[in-house]
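Residues are numbered in the working numbering as their position in the sequence shown, beginning at 1, plus a constant of 1.
Bear in mind the hints are in silico, worked out from the structure with no lab data behind them. Some hints could be false.
Derived SDA-like pairs (lysine to any residue); straight-line CA-CA distance at most 25 Å [as the list claims (entries may be wrong)]:
1. K265 x S252
2. K19 x K33
3. K287 x S247
4. K250 x I145
5. K224 x V181
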Amino acid sequence: MKAIYLCSNKTGIKKSEKKTAFIFNSLHKIYKDLTIVKTENIEDFEENIRKSVGIFDLVIVGGGDGTLKAAVNVLMEFSKEERPVLGYLPLGTINDAGKAVGINGSLRKALKILKDNSVVEVDVCKVNDEYFNFVCAAGAYSDISYITKRRAKKIIGKFAYYFVAIASLFRKKKLDVHVVADDQVVDMKTPLVLIMNSKNVGGFPVNFNYSVVDGKVEIYLTKPGLFNGLLHYAFFKMRTVKLKASHLKVSIKSNETWCLDGEKGFDGNIEINVIQKELRMIGKLK
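With the hints as constraints, model all of the structure from the sequences given.
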């Protein structure tokens, strides 16, 4: 197998030279034909993925949730038959996206999964003209991942997010939303619209009955309450509306900004289509 490893320096945590050397040495042991490319910016990273199509059998990316999202968006420019298999090493702050395909935060476990070479076909979620892997959200808490300072993430890791989240607990939010999810229609006021194709968000388990191969996403709409309804997810599930759909439209009266896999997305209304088993990845499904 001909493989390329693209490592992005644009991640939330600081990587030591020792850790980088460990990754390189481990990958060389797994793949006899391996090319390693260090990228300095997102444009360089994306262009190297494009150049890999048709040359490499496997593209491995190392970084955070946003890095994986960028890789998927580039690969989706090509047909399923053209695309190389996608591998992933979790080197970000939270790494929720990788958890959906069995790649948890442990680097050693991720390398073992690559060595096992188990290729799985997973769903891809298209929102308007972009793609996301594990979460699309608007409203309370949805901006934490991209407003948290990168320097703080490099110094204290995921705790940087938690400090920003504390401020959001007391900043009241209420969205007037209209959701059409397959044949279901819901109108309600909610602090947060949460659309998931994974178990975890923000490092916490929320969506326990997820599947990345069923062609559907889960939509959560919580009623307003203490801490913007945050406690409803953990203790009062009856105050949270949960939907499941392969196609949905969400309209919000206010011009909200959407968060896509921890990155700042677009404003306004969205339409999501789940493309079932569209992307080949190295993973370990539950």
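Broken hints, numbered, in rising order?
none
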